[in-house]
Amino acid sequence: MKPHHRFALALTGALLISASAGAASLTERYDALRAEQPKLPLRDAAAKLNVSEAELLATTGLGKTVTRLQEGDNVPREIMRRALDLGKVMALTRNENGVLERTGVATRLKPQEEVAGLDADKEKEREARLRNIAGGYLGGEIDLRFTFKNWKYAFAVVQPGKDGGVTRSLQFFDQSGNAAHKLYVKSDEGVAVFDKIVADFRNPVQSADLKVAAAPLKPAEKPDSAIDVKEYQMAWNELNDVHQFNRLVTEFGMSREQALRLGPVDKVQRVTPQAVRQLLEESAKQKIDIMAFLGNDAAIQIYSGKISKVQEAGGYFNVLDPEFNLHLRDSAFQSGYVIKRAGVTSVEFFDKNGELVVSFFGVRERNKPQPQSWVEMTAALPHANASR
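Residue numbers (mature numbering (1 follows the signal peptide of the UniProt record, and there is no 0)): -23 to -1, 1 to 365.
I should point out that these hints are in silico values taken from the structure, not numbers from a laboratory.
Just so you know, not all the hints are guaranteed correct.
[Stated by the list, open to error] Distance ranges between label pairs, derived from CB positions:
(1) R11 / E73: 34 to 42 Å
(2) P299 / M211: 24 to 32 Å
(3) K283 / Q183: 43 to 51 Å
(4) P359 / K283: 46 to 54 Å
(5) Q221 / D98: 22 to 30 Å
We put the CB at the ideal spot given by N, CA and C, even for glycine.
Assemble the whole structure, with the sequences as input and the hints as a guide.
In structure tokens, the structure reads:
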């Protein structure tokens, strides 16, 4: 064998050993951390170990409790479409300072007639409209909104659960390895469906090399002085549908919190970050139906209904009901706002990085005014003194 060939083989071997040692090192560090803090969630453990949650899951679980699934532009949507057959599930969506968990059965969209004879442009437009639809999950017990372009990695996880049982979940992550959404099987009938999904979407390469990308930098907020506040407030007052607000924010080039801060004085009231506790406590006490929106850049989950058990635990302020859990790390909240848009009152809370954590609305029937109990309860939340 020629010398340079021996050198190349030696170098390749050294690189393989180095990669193996690196993986083992992360596993060992995780095992040590878990020994110290056995209840530490995987996401928090990943942060302490300076890796993404997806990387830690893959490195420590592949070949044992974790199966890497396929990737591709349409794969996440197809997996979620197939997951409609799982029956009862627990759907978990989270961001840095909040987690929403809802147990139930997703609503399946009614079949639509196939549209025949569309030209290429029309078909392209139709596909664009459907790209964030997965055949269901709109309304009902499992109520989700998807942005599939931000879904990247998918895993099936089978591991020991409580009381000697086994938990089965489908876990999705964005390109930076942050959790996008998770689905946990909650019925015996769903086990076979889960196993078939895993078999059909199993990635032929079971590698922990994810090539995660750095999280994109948050755009700098435009100076308030660069906003035509008078024109903006006039446009706000002309809103006739609450869903028009996002378009308004985009048109004026503002961040969401900036848009609230500069809103009409009679339409926005700043409240203390801790007002979220009073909102949840009073909603439970008065049995007010609420809607809670919580999500990230890949998915938003919505809960609608009453809440009952509210308490602080584990560094979070929580709703701990049988079919609905909400966990809010309100110590990280920076601000809150009671907002009136197009006759609808909502409340939003932002963290110290200016990121929206959670939004609340009162549940109302279509074409009917919102309940007065919701309006009065939000008006009574503790105000924050802030210059506008």
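Which numbered hints fail: 1, 2 and 4
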